[in-house]
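Enquirer: So the chains spell out like this:
Protein chains: 2
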Amino acid sequence: MSLSDLDEPVARANERALDLLFTSDPVLIDVRPAVAVLPGMTRDTVLTSGPPLPWPEYTGGQREGIIGGVLYEGLASSREEAVRLLDRGEVRVGGCHDFGCVGSLAGITTASMPVLVVEDSASGGRGFCTLFEGAAPDRLNYGVYNAGVQRNLEFLAEVVGPLLSRVVRSAGSGIRLRPIMERALRQGDELHSRNAAASGLFLRAVLPALLDLDAAQARVLISYLGADDYFFLRPAMAASKVMADRMYGAEGSTIVTAMAFSCREFGIRVAGLGPRWFRGPLPEIETARLLPGRTRDDIEPMGGESLITEVCGLGAFAQAAAFPLESYQGGPDAMVRRNLEMYEITAGEHPAFKIPFLGYRGTPAGIDVARVAATGITPALDVGIAGRGGGQIGAGSFRAPLRPFTDAWAAFRSQAATPTPTS
Amino acid sequence: MSLSDLDEPVARANERALDLLFTSDPVLIDVRPAVAVLPGMTRDTVLTSGPPLPWPEYTGGQREGIIGGVLYEGLASSREEAVRLLDRGEVRVGGCHDFGCVGSLAGITTASMPVLVVEDSASGGRGFCTLFEGAAPDRLNYGVYNAGVQRNLEFLAEVVGPLLSRVVRSAGSGIRLRPIMERALRQGDELHSRNAAASGLFLRAVLPALLDLDAAQARVLISYLGADDYFFLRPAMAASKVMADRMYGAEGSTIVTAMAFSCREFGIRVAGLGPRWFRGPLPEIETARLLPGRTRDDIEPMGGESLITEVCGLGAFAQAAAFPLESYQGGPDAMVRRNLEMYEITAGEHPAFKIPFLGYRGTPAGIDVARVAATGITPALDVGIAGRGGGQIGAGSFRAPLRPFTDAWAAFRSQAATPTPTS
Numbered sequence: 001m002s003l004s005d006l007d008e009p010v011a012r013a014n015e016r017a018l019d020l021l022f023t024s025d026p027v028l029i030d031v032r033p034a035v036a037v038l039p040g041m042t043r044d045t046v047l048t049s050g051p052p053l054p055w056p057e058y059t060g061g062q063r064e065g066i067i068g069g070v071l072y073e074g075l076a077s078s079r080e081e082a083v084r085l086l087d088r089g090e091v092r093v094g095g096c097h098d099f100g101c102v103g104s105l106a107g108i109t110t111a112s113m114p115v116l117v118v119e120d121s122a123s124g125g126r127g128f129c130t131l132f133e134g135a136a137p138d139r140l141n142y143g144v145y146n147a148g149v150q151r152n153l154e155f156l157a158e159v160v161g162p163l164l165s166r167v168v169r170s171a172g173s174g175i176r177l178r179p180i181m182e183r184a185l186r187q188g189d190e191l192h193s194r195n196a197a198a199s200g201l202f203l204r205a206v207l208p209a210l211l212d213l214d215a216a217q218a219r220v221l222i223s224y225l226g227a228d229d230y231f232f233l234r235p236a237m238a239a240s241k242v243m244a245d246r247m248y249g250a251e252g253s254t255i256v257t258a259m260a261f262s263c264r265e266f267g268i269r270v271a272g273l274g275p276r277w278f279r280g281p282l283p284e285i286e287t288a289r290l291l292p293g294r295t296r297d298d299i300e301p302m303g304g305e306s307l308i309t310e311v312c313g314l315g316a317f318a319q320a321a322a323f324p325l326e327s328y329q330g331g332p333d334a335m336v337r338r339n340l341e342m343y344e345i346t347a348g349e350h351p352a353f354k355i356p357f358l359g360y361r362g363t364p365a366g367i368d369v370a371r372v373a374a375t376g377i378t379p380a381l382d383v384g385i386a387g388r389g390g391g392q393i394g395a396g397s398f399r400a401p402l403r404p405f406t407d408a409w410a411a412f413r414s415q416a417a418t419p420t421p422t423s
Numbered sequence: 001m002s003l004s005d006l007d008e009p010v011a012r013a014n015e016r017a018l019d020l021l022f023t024s025d026p027v028l029i030d031v032r033p034a035v036a037v038l039p040g041m042t043r044d045t046v047l048t049s050g051p052p053l054p055w056p057e058y059t060g061g062q063r064e065g066i067i068g069g070v071l072y073e074g075l076a077s078s079r080e081e082a083v084r085l086l087d088r089g090e091v092r093v094g095g096c097h098d099f100g101c102v103g104s105l106a107g108i109t110t111a112s113m114p115v116l117v118v119e120d121s122a123s124g125g126r127g128f129c130t131l132f133e134g135a136a137p138d139r140l141n142y143g144v145y146n147a148g149v150q151r152n153l154e155f156l157a158e159v160v161g162p163l164l165s166r167v168v169r170s171a172g173s174g175i176r177l178r179p180i181m182e183r184a185l186r187q188g189d190e191l192h193s194r195n196a197a198a199s200g201l202f203l204r205a206v207l208p209a210l211l212d213l214d215a216a217q218a219r220v221l222i223s224y225l226g227a228d229d230y231f232f233l234r235p236a237m238a239a240s241k242v243m244a245d246r247m248y249g250a251e252g253s254t255i256v257t258a259m260a261f262s263c264r265e266f267g268i269r270v271a272g273l274g275p276r277w278f279r280g281p282l283p284e285i286e287t288a289r290l291l292p293g294r295t296r297d298d299i300e301p302m303g304g305e306s307l308i309t310e311v312c313g314l315g316a317f318a319q320a321a322a323f324p325l326e327s328y329q330g331g332p333d334a335m336v337r338r339n340l341e342m343y344e345i346t347a348g349e350h351p352a353f354k355i356p357f358l359g360y361r362g363t364p365a366g367i368d369v370a371r372v373a374a375t376g377i378t379p380a381l382d383v384g385i386a387g388r389g390g391g392q393i394g395a396g397s398f399r400a401p402l403r404p405f406t407d408a409w410a411a412f413r414s415q416a417a418t419p420t421p422t423s
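So the protein sequences, as listed, match chains A and B. At position 363 of the first sequence (counting the first as 1) the number is 363 in this note's numbering, and the numbers step up by one without a gap. At position 406 of the second sequence (counting the first as 1) the number is 406 in this note's numbering, and the numbers step up by one without a gap.
One thing to keep in mind: the hints can contain errors.
[As the list claims (entries may be wrong)] If you only want the chain B side, here are some residues facing chain A, beta carbon under 7 Å, derived: (1) G200; (2) R204; (3) L211; (4) E326; (5) G330; (6) P332.
No wet-lab data here; the hints were simulated from the structure. This structure is a prediction, so every number in the text was calculated from the model and none was measured. Note that beta-carbon positions come from the ideal geometry of N, C-alpha and C, so glycine has one too.
All chains should be built: construct the whole structure from the sequences, respecting the hints.
Expert: As structure tokens, this is what we get:
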């Protein structure tokens, strides 16, 4: 079967995928403990970022994060016991994507952690993501677990999660996220590395409901939502997860539905190829800014699934909406060039996510493995950078590896060449 | 006396002017009725925009606005009586700038209207501006006075003003405006035609104090502050007024301290030339977007002093921070070109108002009449557009006329050539 034979049905399938992506309407409807809402989640499961690996293959900060998750859940009372339970498989390690959620950096998600519940009002599908841990350099998702991290996670679970749940539920039909995302792109955010405007817009959206709390509770929540400008990354991720997952409904499509990495591998999934991961080496740095005194040798990959935003035409695919990031994305000209390049590997332009600097052109959306394979251009990725020994040490613009895309395209063609039982 | 003899002392004076501008720290400290705080204000004074004219010379919407102001204050019970009082001078018409305030569009400011009280913490100087009337096309400042306009002005005076005053005063030492302005420039505002981010940031800044109101009052104020994205223009104007006025302290400086226009004339003031207005024809449109069905023939100038933002390196001097305005400012490339051009006529770059797209370069600040005269480049101006018969019909980018700048420069040179009594 030649490429040209594939062209028309694939184009139709991709149109269908884009239609599903573009008509999604993600709504934050609740904030609940992971075990209560994630399909398949159990008390003795620890989820983490990336195409899943056998437990022994997780190293460094990602491994530390998983161990921290076991301790945080009280499944073990010492590091050694936690490792033993993991070694014996008595605590199961899973990939976030297989449980309907996405994880930031190491993406550690355990049973009692509150997750944002985002529902697509068009389909009823759901996506989930844990809450932002705050700006402290020590965070479980950056491979650190200590008394301070534990206290902060408890505060999220016992105070922030329940309050946010009350506020979101009292807002009638929830908080529609897409209007916030659309506006934030006009206010300097690309909704991956920059969420300053969106975090403020979210606060405004919940304000009426916030006034129903008593003043002390309202102050706690306002302080959490407003203290840093990163809160909204998590709603953006959960929203992107549910939008991207809808595209699995487009059989025969070559559009990417997930990109994620672990400490070892980068992987993608494709609408027409189901849950199978196509794996390759880790993304490479194009440009980055690190904390003073840190060098590229200090960088340690610990995983990351916030790339789900790029899957939906955000993040690096909307860099020209976020010039405030220019100091670590190579300057405005490079950002514009990189953003324009992404149109070469996407099947469409988002009808609602728009870039003012490009004359309100829709963001490049729907990464097409066929186009990536044909051009050799791989997706640009905006990501936070973890350092050896744990903690965030910077942020930068990365490039996905080519192999997962060419492998997926090859698998797609060979699948298309195999008559299915019904044909 | 030749130009070169002037060069050094003028450069020093201009540095001093910029230093005063750049070290200003405008703080919103209260919201009070105009008569209580504007120096020289009386119950039978109506203030309006632009270099002052004798009453009979005000025409069209600006004249209607002044008459509306007389009626709103209850100084007359009919339009005819109002005109009679104005004709006889029993109601006095004044220019906003002479009373420490600036007016948006027609700039009608009367005794009982609440004004934002902005104080420069560095000098104790004050600037004032009325509150945004809301997004309704019928507004007093757009030349319309009717029962709806009256009700809205009463709501501002009786409800919004007092509530905002309570909130601002309860915030301890007031609300510092400069940090909000600095951040807004990173979120797509230029703080003249676009104030979407700044309005949200202002709401966040007063939120802690807002929680002290009862919930019903808080809801009223939140609804006013958040209903439209234009609230912050007025704080930005009052802040710009007090920042610009500080530059009068720089004797011998050729930096512009005010730009304003009436229905007839455009005028400027210069730091080294005191309160004298240098007048010229009205600004000309470079590019504009009008409401559907409206043409340039429908445009009616009714005055405007929001150009005080351009005096401080904002508005058109920060267009490249506000690409969301591209659809009516000629597209992103034109906006960048126009913004860069402004560096040719300014004496410095603002150390805190920065443009991400220009690599965080400071905005061009301190319009120098000598540079304008030498280059023939006049200031670009972002302005709202009023229509014949009243109401807003669009917005656009305008250019100031050259004459006031060349006249001011000539006056400056001839003043410098005349020995003063003390020399």
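Enquirer: Any hints from earlier that this structure breaks? Give me their numbers in increasing order, please.
Expert: 5
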